[in-house]
Amino acid sequence: MSDKPKGKLAFYWAASCGGCDISLLAIDEKILDVAEAFDIVLWPCATDGKVRDVEKMADGEIDVCLFNGGIRTSEQEYMAQLLRRKSKVLVAFGSCACEGCIPGLTNMNTRQEVFDTVYKEGSATMPENPQDVRPQPATKMPEGTLHLPIFYDTLRTLDQTVEVDYYLPGCPPEAENIWKAIVAILENKLPPKGSVIGLNTTVCDECPRTRGEKKIKKFYRTWEIIPDEETCLLEQGLLCCGIATRAGCGALCPAVNSPCIGCHGANDGVADFGARLMSALASVIDSDDPDEIRRIIEEGIPDPVGNFYRFSLAASQLRRKKKVVRG
Amino acid sequence: MKYAYYPGCSLERNAAAYDHSVREVSDLLGIKLQEIDDWNCCGATEYFSQNELAACAVIARNLALVEPQTDQIVAPCAACYLNLAKTDKLMVDHPEFGKEVNQCLAAGGLKYEPGRVTVRHMLDVIVDDIGETAVRDKVVRPLAGLRVAPYYGCQVVRPIDNNDNPEYPMKMDHLLNWLGAEVVDYPVKAHCCGGHLTQISEPQAFELIRRLLQNAQDYNADMIICMCPMCQLNLDGYQSRVNGFFGTEFKLPIMYFTQMLGIAFGIDPQKLGFGKELVTAMPVLEAKLGGLLV
Amino acid sequence: MADKIGIYVCHCGSNIAGTIDVEEVARWAGKNIEGVVVSRDYKFMCSSLGQQMIEDDIKNEGLTGVVVGACSPHLHEKTFRNACKRAGLNPFLCQMTNLREHVSWVNSDKAAGTKKAKALIFAAAERVKRQKPLEPMEVEVNPATLVVGGGIAGLQATLELADAGYPVYLVEREPSIGGHMAQFDKTFPTLDCSACILTPKMSEVGQHENVTLLTYSELEEVSGSVGNFKVKIRKKARYVDEDKCTGCGICIEKCPRKVIDNAFEAGMGYRKAIYSPFPQAVPRIPVIDTENCTWFTRGKCRVCSKVCPTDAVDYDQKDETVELNVGNIIMATGWKLFDCKRIPQYGFGRLANVYTSMEFERLCNAAGPTSGKIVMRDGKTEPKSVAIVHCVGSRDVNFNPYCSAVCCMAALKFGHLVLEKTKAEVYSFYIDIRTPMKEYEEFYQRLLGEGMHFIRGKVAEVTDAARRPEEHGKLIVQAEDTLLGKQRRIPVDMVILMGGLEPQADAKELGLKCGISCSMAGWYTERHPKLDPVATMTDGVFVAGVCQGPKDIPAAVAQGAAAAARVAGMIAKGIVTIEPIVASIDEENCSGCRICNDLCPFNAIEYDEEKKVSRVITALCKGCGTCVAACPAGVITGAHFNNEQIFAEIDGILWDANPQAEVEIASV
Amino acid sequence: MSNENFDPIIVGFFCNWCSYRAADLAGSARIKYPSNVRIIRVMCSGRVDPTFVLKALADGADGVMIAGCHPGECHYINQNYKAMRRYEMLKHTLSAMGVEPERVRLVWASAAEGQQLAEAIDELVGDVRRLGPLHWLQNWDENGQRQKALDDIVKEHEEAMEVSA
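Sequence lines, in order, name chains A, B, C and D. Quick note on numbering: the numbering used here labels position 173 of the first sequence as 173, and the sequence is numbered without any gaps. Quick note on numbering: the numbering used here labels position 218 of the second sequence as 545, and the sequence is numbered without any gaps. Quick note on numbering: the numbering used here labels position 110 of the third sequence as 731, and the sequence is numbered without any gaps. Quick note on numbering: the numbering used here labels position 104 of the fourth sequence as 1393, and the sequence is numbered without any gaps.
You can trust all of the hints, since none of them are fake.
The following label-pair restraints were derived from C-beta to C-beta distances:
(1) A:A184 to D:H1359: 47 to 57 angstroms
(2) A:V183 to C:S844: 46 to 56 angstroms
(3) B:G458 to C:E841: 37 to 47 angstroms
(4) D:A1318 to C:G868: 56 to 66 angstroms
(5) C:L972 to B:K438: 49 to 59 angstroms
(6) C:K994 to B:R463: 38 to 48 angstroms
(7) A:M108 to D:H1446: 27 to 37 angstroms
(8) C:C814 to D:H1359: 35 to 45 angstroms
FYI, nobody ran anything at the bench for these hints, they're computed from the structure. C-beta: ideal position from N, C-alpha, C; glycine also.
Using the sequences and the hints, build the whole thing.
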């Protein structure tokens, strides 16, 4: 590898928790191989680098950009567009960039509601705000106007904003998968553009539990039962997303007796992760009586969006909750 | 088991025996009856044909008065039972009408959410909720040898579905069987007693009453067991007039099923209202059940 | 390869062109839909000229897909697929969209119709671009046939096929074939002796070289599909060795245990614990009723074994499962009588002299318990008056809403027999008298002439509660005479309840085994109520007789013969083509979650324990696509209805749903 | 909101055997009903993937009708029950997403029920018209502020660059 001229690598963090930045470090000493192969031109979390420097680069000058986080503000959108322009290969890194992830669940609310929660009702970061101070997109100062990026009503995934070349799923992506992706990039053995780097089967494939034919009479929430450790969790009534979630994690959660929550997103060709779960689970409900079916669903799944779209709401067909038109 | 209790006007007056025996038997079977505070008349049958909204409002007031923690109401009187159940059903099936009824109730500061309270008849509570085993367990004085004709009348078995065959109900047959009585297959068990026809056209009413008495006699029944104050009044109160009218000699006591339960359970007949009937039951009870009664 | 799509919009005379501007639709499609190279409208697309036009375009333009906007694909999909095929284009690259039944005929506003037509054409075009060539599969047809049910319909079907030289397995649940018809005395309206016309057919079946009779047997399991079904039949233990028994009947004669016969004699007569249901039974091999046999219940007796000259009685016999391979199945499972006890006010089971129609059949049967004498339950008194109640459990929303079709005629037959054999007055209480078939109305007129009384009114109750002295000791039938507008109370000695026909108790369960469904009432669903009353939705499974719906003997016979003809046609052809619209699982990516395993009613999905993947058995798949929609991993594909195709169809059908989209498309 | 002039677009997913034929029958019988429902044929209501419905709504449909054989009369024995279960599940989720569940309807129509189907279509079109347009795409836009905010950033950065240069 070292014979080649060094490539340029950027790593950017938009609307996400920061876990992806840390996960990159979880490849341990291999990060040195990365540093050997690449000049890191931008990694705000770990290295010094200026947007201005990126702006000055020629288009396509960056070889690989690993972009984590969804697009929630105008600044993030600007950065996505900028990095797209400057990068040969743009990778949606981690669940947030791929499908919105937990920040995407804010799509159940609007900016107004989010701000009300944070600034009016109080939060850990802003316990008191008697003057109801809100972020303003523009503030006139004697020296000129200062701009804050605007906060969008709807979080978008990276590929809803710019064209994405590859996807690396997971919240966060597992170290070995990150390494595999980096090796693929270094060895120029990348799959066709638009591919997800990873397996195309679901978590069940990696889950050691015994599975039988499925019939569900009641859905349980995780605190309601202590599941048997050998049998398929779904068959025990727990809403395990493993049936629909892309494999690659080694069935981490089911291995510790906890149902899969779906962080790896859907398989190739699936147009709506939640719909896959809804359809599969509904199909095996053990009742033909509409009232009973309704009861099983309503009692067992009080928060359908949280259960079916925990990671993928922003990437779903509907993307968000219907906004109430005011006035 | 706890139920709101709606006695209705008849049970305060002519059907006091029904009320007493219902309360006695319920106590013994562990049925907790909570009488509705400040209940009012159900309007009987006539009011419905005069003004449906007002009739329903009058009835719904009783439903609205049922305490929030109770969701079942028991009415022993067949007319009360039907009126309460019918009003609830009308309000459920026709939400607009339900709203109108609630507008009336609002005048008294009340509100009834249709479907909140299930209206039950005493017979259904004992047969369906208490059940065979619990009833049989309580029998200390089986009614062996007593031939009884179960008479259901028309209002409890139809039109509201109480889980029995409306044309040929069997619940009371079963219950009396559990008490050890000899139940006759009484084919007119769901025929009409004449209702208020006694006030309008005596010959017609008397003919209806006669058929019921005649059939019980044809089957050698010792007494007719009923579950409705109106039926009891017609068959018992008019029995001597019917005898006079047709030249017959019926002497059939007409008792409430709860009174028979009470007897079988060993409750003092006095407490069950025995003696209030016009065709006295004592001779036949003594003859058939021996000295057990005292 | 770039798409080259041809769009063909039919006028259907003025049927479509009347409310859709077809010329505009064709013009618009040619201009606005990507990949469209030809777009035409034509007066009658299904005409030979219209078809020729499509064929020419396929050849000349090298079309890769054809969209025909015309009538329902249920009418002409085959026509246009064949046209494509003739021109060398795979028929599955032709997509029809329904502009007539779904647009022009249901709509009178031309602008709205034209807009809707454009959307449907757009959708079909987007879809056809993603359609794949498919080839139908061919399988060989096993010439053996399974007939389930040995009543008259099943017997007829069996004989037709056997006579044509094909092997038939006839399965019957009872110890003898014959069905309900064997219980009847006379048949309406000709008053033929039922046994006289039935028993020759029974023995013919029993002796036919091509028929394998499996009586006292039940259909247990069906797998496979048209042409190659595998069926499992459970032969219940008779405790009599079929090979040794000669049918001499001495065991029956000597058996000391008498039992009420609730089956053949409808509770009116007795049989022995070892029995053959009736003298002309086929086969004549008796069975032991273990619930009543003294040896089985008390460990004593063994008389039958001792008297048997051929040592055929075998108390240790066990149920046996027979596996058969057949190409087709004919279901002729018949019916059961409505349980008259469900209407307690009619008194059956409570009042002695209330009879069901089946009891009465036995009562007047010369071979029945009274040797054909019509007497009351005391066994000696002849009734002086008889009431016949029609529609017991039929045409009644509380029980069965349908008309049982045969009861009116059976009631007339009973009326005739009572009048012929006794001096009784006969009263028929009916809602409507229904006599629509050949010589049925004449029979009704004959009964009117014979003096049977007809009272038009649904019976309220049958009671012994007398109101007047003359009613004492009688059964009183009360009904409103709707012609007189009066309540009538007719005191009679005997009442016959004309119980309706109901599906067999296990019809649904049995149907599921071979993949056929039941109507709301429980009758087997035919493929088409008018045009295909013998086939079912499952290829290779046919229905005959009352199990498909109430009918009389001639209709059951005709249907049995029709089903046989259909089967014979398939056997003669030798092969059957199966539509290639099936599901398939991408085994490489299947994680074996097993969500789909229990979803297929045709058992077409199997789970490979070793590889831990699920798999579709193509021959069994009927192509409904339920598993496709259920697969959480998205690895099941439905041929011709895959996600890509349906997504494209949704995109196309909503071409004008977003104002922006309209602009974009206009600029294409 | 007055919706009299609103002409909703409704996507229908009809099973091949009963409901599609019911629509054929409505046509043959010349029963008139609103032209707002555009029918997509699937082999069975059991083929209807919730994704179809979500996609149709996201792509601009104002309502969706799923039609199948009556329970117990499914051409594929009982697959319509699976459609029913999915429909209940989907409605539960749609409610949570703020979509009025009345916009999505499951109806049973046998091949003989052209009239009933036309009535069901009439009713759904009326209900959707009352609810007004869904216009899902509008849910995604940022009230026109997005482009301006982006332009502002570009401008600010350019200005900043100029200063440093």
